[in-house]
Amino acid sequence: MNRYSWFSVLKEGLTGHKGWPRAWRDPEPKPAYDAIVVGGGGHGLSTAYYLARNHGMRNIAVLEKGYLGGGNVGRNTTIVRSNYMLPYSTQFYEFSLKLWENLSHELNYNVMFSQRGQIGLFHSPAARDAAARRANTMRLNDIEAELLSREQLMTMIPHLDYSASARFPILGGILQRRAGTARHDAVAWGYARAADRLGVDLIQNCEVTGILRQGNRVTGVETTRGTILAPKVGLAVAGNTTLLTDMAGLGRMPIESHKLQAFVSEPLKPLLDYVVAFALPGGHFYISQSDKGGLVFGGDLDMYNSYAQKGNLPVVEDVAGCAMALMPCLGRVRLLRHWSGVMDMSMDGSHIISKTAVEGLYLNTGWCYGGFKATPASGWCFASTMAKDEPHELTAAFSLDRFERGLAIDEKGQGPTPNLH
Amino acid sequence: MLRIPCPFCGPRDHAEFTYLGDATVTYPPIDSTDQRAWYEAVYLRDNPRGPHKELWQHVNGCRMWLAVERDTMTHEIKSATAAHPGTRAALAAETAR
Ligand SMILES: Cc1cc2nc3c(=O)[nH]c(=O)nc-3n(C[C@H](O)[C@H](O)[C@H](O)COP(=O)(O)OP(=O)(O)OC[C@H]3O[C@@H](n4cnc5c(N)ncnc54)[C@H](O)[C@@H]3O)c2cc1C
Ligand SMILES: [Zn+2]
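For the record, the sequence lines run as chains S and P.
Residues 8 to 428, numbered by my numbering, are exactly what the first sequence covers, in order.
Residues 8 to 104, numbered by my numbering, are exactly what the second sequence covers, in order.
Keep in mind that the hints were calculated from the coordinates and are not lab data.
Worth double-checking, as some hints may not be accurate.
[To be verified] Restricting the straight-line Cα-Cα distance to at most 30 Å, the calculated cross-link-like pairs of lysine-lysine (DSBU-like) are:
#1 P/LYS60 to S/LYS395
#2 S/LYS419 to P/LYS85
#3 S/LYS317 to P/LYS85
#4 S/LYS72 to S/LYS317
[Claimed, not checked] Now the stretches of chain P that chain S is said to cover, found in silico as 3 or more residues with beta-carbon under 8 Å:
#5 22-28
#6 52-60
#7 71-83
[Unchecked claim] Partner residues aside, some chain P positions facing chain S, computed with beta carbon under 10 Å:
#8 MET8
#9 LEU9
#10 GLN42
#11 ARG43
#12 TYR46
#13 GLU47
#14 VAL49
#15 TRP63
Glycine included, each C-beta is placed from N, C-alpha and C at the ideal position.
All chains should be built: construct the whole structure from the sequences, respecting the hints.
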């Protein structure tokens, strides 16, 4: 399989683009592997890649019930940042951001990581204090952060509503310059291609329907394409987590499945250079402009438990209201598409990367709204957990038993209310 | 839009309601020191794909708490009753009259 380079682009350009080979194989599942990763989303694919790259495990497979990247990794609003508050989250997401910075080279695939900067707006003196505290926390962790005045914002993002009658008067913002966006599909495809090149079997249309155990040890999985044996099985199925942990007999989980919608407008000329977000009681909104010119934006969950990948109208109205409050110039812009994904909302708003009560069975879940930015670090740490059968130092605190031990990691201080994280 | 048949107000758009979550969770008695029981009630959920019994409050209507049976895959709503057993009984007695 050839490497992508300026030379290959030039050669193919001159020869009619007839020589591009397919990006990854479509193998039949083998009867047994050394390890199986369930779920061909961002986290499953990056886990498989790092299992092969960092731990030399080549006889492994990713099992995906639909097509690679058809879940949340292909449905998110692509914001990547590391502006967290609690030490465990800060260190984990900053490690992830560092992996993002070299990801296109690492994978030999252009994931279009664009460090355009992310700005969180604030609208009250109390929110300004909170933003200052966040910026200081970030700096103490060696992550740069800047506070922006209203005047600075007016030159950087002139199209926001700075008028006296603004619904949410803008006092300023907090900026992380190294934050930004990436092309979500390219992240899935890049990890898939790179894993395939290291010998990983990527098996699509293969739904896991049962998890095989012998006593307290996992021995493999039942799938719609037959039984596949493996001494190690890692679950990275996002909103479907409970269905899989039920199959394994792990008992109830600190997880609820909820749906989150996202929206993209018709393409426009360059209008918005940064990722802009705000969250306050009564409004939650984030927006950026894709390289194709579409404005990509979203808001809150639909709030009620759901496994349906379809959104409901009140949120459409809510998000449209937020968009108009922030950028009244969007009033005549038409919506191109809108869709929804099933989120793995955890009880403390943080993720779980963990061993389980069943030997050889590992769990990766609880990503809430924010798992896209975690894709590289999640795969890195989950692969290490699976290969070494012990927690990685960056995710040891994110164990499944933290709730029972009273060690929840609640960034927002929201309590055990999954839909409010 | 979901339509919730409020037993007090009739069918209403779900935008008039707020959602709390799983209605089958019961907390241990307030003076219980059983850590395991508290952990299970506070943190663990069945999270089914299919029929789900859940609590909604009709905040922009009669303000009553309702127990609603809804399918989490199809969003079909099977029933809605008063969440509090006493209110449920009183309502039943009232409608029987
Ligand atoms: C609308 C929206 C906006 C978001 N915005 C952001 C954002 O701006 N920034 C950010 O960081 N995060 C964001 N997220 C969150 C992020 O997308 C997710 O946290 C992350 O993608 C989840 O991990 P994943 O990629 O592995 O999930 P997925 O891509 O959902 O992968 C899970 C896979 O498992 C497969 N699967 C399920 N059951 C089975 C089975 N039985 N057998 C085999 N395969 C199975 C599914 O088909 C799926 O492909 C957003 C999410 C949504 C929905
Ligand atoms: Zn009512």
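Verify the interface restraint on P/GLU47: the C-beta must sit less than 10 Å from at least one C-beta of chain S. Hint holds; P/GLU47 Cβ to chain S Cβ min 7 Å, cut 10 Å.
Can you tell me if the region 71-83 of chain P counts as covered by chain S, using C-beta to C-beta distances under 8 Å and a minimum of three residues? Holds: 5 residues of the region 71-83 of chain P have a Cβ under 8 Å from chain S.
Is the Cα-Cα distance between S/LYS317 and P/LYS85 30 Å or less? OK: S/LYS317 and P/LYS85 at ~20 Å, within 30 Å.
Satisfaction of the P/TRP63 interface hint, Cβ to chain S closer than 10 Å: holds (8 Å)
Identify whether the interface hint at P/MET8 stands, where standing means a beta carbon of chain S within less than 10 Å of its own. holds (5 Å)
Against chain S, with CB atoms and a cut of 10 Å, does the hint on P/TYR46 hold up? With Cβ-Cβ at 5 Å, under 10 Å, it holds.
Within the region 52-60 of chain P, is the number of residues with a Cβ closer than 8 Å to a Cβ of chain S three or more? holds (count 6)
Verdict on chain S covering the region 22-28 of chain P, where coverage means 3 or more residues with a C-beta closer than 8 Å: Holds: 4 residues of the region 22-28 of chain P have a Cβ under 8 Å from chain S.
Return the status of the interface hint for P/LEU9: holds when the least beta-carbon distance to chain S is below 10 Å, violated otherwise. holds (7 Å)
Does P/VAL49 pass the interface check with chain S, least Cβ-Cβ distance below 10 Å? holds (5 Å)
Pair hint outcome, P/LYS60 versus S/LYS395 [Cα-Cα no greater than 30 Å]: Violated. P/LYS60 to S/LYS395 sits at ~41 Å, over the 30 Å cutoff.
Can you verify the interface hint for P/GLN42: is its Cβ closer than 10 Å to any Cβ in chain S? holds (8 Å)
In this structure, the hints that do not hold are numbers 1 and 2, in rising order.
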